[in-house]
Amino acid sequence: MTRLIELTQVQKVYDGGAEHPALDGVTLGVDRGEFVAVMGPSGSGKSTLLNLIAGLDRPTEGRIVVEGWDLGHAGEAELARYRRDRVGFVFQFFNLLGSLTVLENVMVPAVLAGHSRAAARRRAEDLLERLGIGSQAGRYPARLSGGQQQRVAVARAVVNQPLLLLTDEPTGALDSRSGAEVMEMLVELNRGGQTVLLVTHDPKLAARYARRVVSLVDGRVADDLVMQPAAASPGKLIRVRVQEAAQ
Amino acid sequence: MSLKYGILGLLAERPLHGYEVKNRFESLLGGSWEVNFGQVYTTLQRLERDQMVEAVGRRGDRGKQAYRLTDVGREALEEWLTRPESEPQQLREEIYVKLLLSTRLANGRLDELLAAQRRVYLQRLKDLSELEERARRDGRDDLVLLFMGGILHTEADLKWTEACADEMRQIKRKGRERL
Numbered sequence: 000m001t002r003l004i005e006l007t008q009v010q011k012v013y014d015g016g017a018e019h020p021a022l023d024g025v026t027l028g029v030d031r032g033e034f035v036a037v038m039g040p041s042g043s044g045k046s047t048l049l050n051l052i053a054g055l056d057r058p059t060e061g062r063i064v065v066e067g068w069d070l071g072h073a074g075e076a077e078l079a080r081y082r083r084d085r086v087g088f089v090f091q092f093f094n095l096l097g098s099l100t101v102l103e104n105v106m107v108p109a110v111l112a113g114h115s116r117a118a119a120r121r122r123a124e125d126l127l128e129r130l131g132i133g134s135q136a137g138r139y140p141a142r143l144s145g146g147q148q149q150r151v152a153v154a155r156a157v158v159n160q161p162l163l164l165l166t167d168e169p170t171g172a173l174d175s176r177s178g179a180e181v182m183e184m185l186v187e188l189n190r191g192g193q194t195v196l197l198v199t200h201d202p203k204l205a206a207r208y209a210r211r212v213v214s215l216v217d218g219r220v221a222d223d224l225v226m227q228p229a230a231a232s233p234g235k236l237i238r239v240r241v242q243e244a245a246q
Numbered sequence: 000m001s002l003k004y005g006i007l008g009l010l011a012e013r014p015l016h017g018y019e020v021k022n023r024f025e026s027l028l029g030g031s032w033e034v035n036f037g038q039v040y041t042t043l044q045r046l047e048r049d050q051m052v053e054a055v056g057r058r059g060d061r062g063k064q065a066y067r068l069t070d071v072g073r074e075a076l077e078e079w080l081t082r083p084e085s086e087p088q089q090l091r092e093e094i095y096v097k098l099l100l101s102t103r104l105a106n107g108r109l110d111e112l113l114a115a116q117r118r119v120y121l122q123r124l125k126d127l128s129e130l131e132e133r134a135r136r137d138g139r140d141d142l143v144l145l146f147m148g149g150i151l152h153t154e155a156d157l158k159w160t161e162a163c164a165d166e167m168r169q170i171k172r173k174g175r176e177r178l
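Read top to bottom, the protein sequences are chains A and B. Going by numbering that gives the first Met the number 0, 33 is the number at position 34 of the first sequence; the sequence numbering is gapless. Going by numbering that gives the first Met the number 0, 125 is the number at position 126 of the second sequence; the sequence numbering is gapless.
Next up, chain B with everything else stripped away, as it sits in the complex:
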């Protein structure tokens, strides 16, 4: 996601200065991402240039400057909030490329790779489930949704890994039958 809209969203609640934006953003994401203050700062400046936010009052202690959302900013935020995501699906994991290459290489050790990957996903399911449970206990329903998303994606990855393994077994079996 773009930091730009994250900042607009936080400023829609109340005016904030840079450090508050950084801290609130990190808390919003439940510690799943550390935000770089330099990025926050330059993004705020660009948003000010594009008249989506404006400075409030004078610079305070240690040069702290608070910003608030303008009408232009609010409109951009609202448009973004209702826009469905239509980017191509990002399959970043190296496992995809490893599999593509392994199926071409005669000595690819696909079985081992799939088994090891499956273990990683199972452990991740456990870890994410506990985070989800903790968020539920802490009353952070928004984070429950984030972790639930992670769990569902991991379940899909696991299913896919198993489908690959199944496919490999069938290819091997057919190979044996042909002999």
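So here's chain A without its partners, still in its complex pose:
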């Protein structure tokens, strides 16, 4: 695997927060094709980390290199292009455009990236089909459940085949069943080679779906764990202790 993201001694201090940097010396590498969960309590710096990698914000100190390109030295216009063409975002709230159909919502980023409407349409249709939501193409977001809307948001995020899919609590507003469907979709995209970064406070989500779990505490990397494939017979994991009755 090749290195996609390289953070070296990244520090982020917000105005007036010099005593408590949001990120404090983070060094972290992510390879192409990985599915990494970034976990931590609120205030641990995980959203800051995501924003820096997304090019939405700049580090106070340290280097962030994505595909050999130093984000710290990029101009505003370059960063905007990077966000548009190279990064897909999925947030807790789906943020679909209510006046557009599902298909049109997914087409928007492709058109903005310079594709013709016809090409954008073809691309969006193929993608919706591949992700199993082709039947929703003509519907409006308001007619969809939260889980369906979030799956459309995922499709929209990957329509330009981004280098990186960044997701921030993507199941935060969903019930557990719909949340699982959205996560399965991310797993499926990752199987196809998509690099995924998932920010979550939920350890179950992180452990279950990501292949690697990075834990932040007080702006530092507290742990970096590669998950083992689930194996183990039930008896190795859980025991209902059965006792003989006394006498």
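Take these hints with a grain of salt, some might be off.
[Unchecked claim] Cut-off 25 Å, straight-line C-alpha distance, at most; resulting in silico cross-link-like pairs (DSS-like, lysine-lysine):
no. : chain 1 : residue 1 : chain 2 : residue 2
1   : A       : Lys-235   : B       : Lys-97
2   : B       : Lys-171   : B       : Lys-97
3   : B       : Lys-158   : B       : Lys-171
4   : B       : Lys-158   : B       : Lys-173
5   : B       : Lys-158   : A       : Lys-235
6   : B       : Lys-158   : B       : Lys-97
7   : A       : Lys-235   : A       : Lys-203
8   : B       : Lys-158   : A       : Lys-203
9   : B       : Lys-173   : B       : Lys-97
[Claimed, not checked] Heads up, incomplete: computed chain A residues facing chain B, CB under 8 Å, no partners named:
no. : residue
10  : Val-212
11  : Gln-227
12  : Val-239
[What the hints assert, rightly or not] Among the chain B residues that face chain A by a calculated CB cut under 10 Å, a handful are:
no. : residue
13  : Leu-9
14  : Leu-121
15  : Leu-145
16  : Lys-158
Treat the hints as calculated values from the structure; they're not laboratory data. The structure displayed is predicted, hence computed values, not measured ones. Yeah, the Cβ is synthetic: ideal placement off N, Cα and C, and Gly gets one too.
Assemble chain B onto chain A, guided by the hints.
Relative to chain A, chain B alone:
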């Protein structure tokens, strides 16, 4: 739980002999426990002595004897099924004792212990989640509940481990500030 009530519960469905009881009990628990046949056998004998079960027909092949539930047995089972559990909470894991001792010993390596324990819990969350998912796919809704219980307990253990680590960091920070 007591094997006694497990057996009564299975016999409430239909009469069974010892091996059937063992096999059904293991299947009920989704492979999470291997039941010892000797225990099943002696428990059946005690239940017969206490008139909660009775033998059905004659001994069959290789001395197999089927048993069925009596009214006394059914009453005991029903009473047990509706009784909430009120035993003291069992914290069996050694981690609790290790922590209690480590906080007293000056050279206790608590940070490492907590970090390693946290990794075990994270991996367990993954493993149990997959078992839960498999049970769901197999239509074993009862086992889904069992694994869900395991997941929630593991989440609680994880939360507790993190609370301990947090506490340790605060103690260290205060120590530094005092210097």
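Quick rundown of the hints versus the structure:
1. A:Lys-235 <-> B:Lys-97: Answer holds: Lys-235 of chain A to Lys-97 of chain B is near 22 Å, not above 25 Å.
2. B:Lys-171 <-> B:Lys-97: holds (19 Å)
3. B:Lys-158 <-> B:Lys-171: holds (20 Å)
4. B:Lys-158 <-> B:Lys-173: holds (23 Å)
5. B:Lys-158 <-> A:Lys-235: Answer holds: Lys-158 of chain B to Lys-235 of chain A is near 22 Å, not above 25 Å.
6. B:Lys-158 <-> B:Lys-97: holds (17 Å)
7. A:Lys-235 <-> A:Lys-203: holds (19 Å)
8. B:Lys-158 <-> A:Lys-203: Measuring from Cα to Cα gives roughly 11 Å; hence the hint holds.
9. B:Lys-173 <-> B:Lys-97: Holds - the C-alpha atoms of Lys-97 of chain B and Lys-173 of chain B are around 24 Å apart, at most 25 Å.
10. Val-212: Nearest chain B Cβ about 6 Å off; hint holds.
11. Gln-227: This interface hint holds because 6 Å falls under the 8 Å limit.
12. Val-239: Since the shortest Cβ distance to chain B is 5 Å, the answer is holds.
13. Leu-9: violated (12 Å)
14. Leu-121: holds (5 Å)
15. Leu-145: Constraint on Leu-145 of chain B satisfied, holds at 7 Å.
16. Lys-158: Since chain A brings a Cβ to about 8 Å from Lys-158 of chain B, closer than 10 Å, the hint holds.
Checked against the numbered hints above, the structure violates only hint 13.
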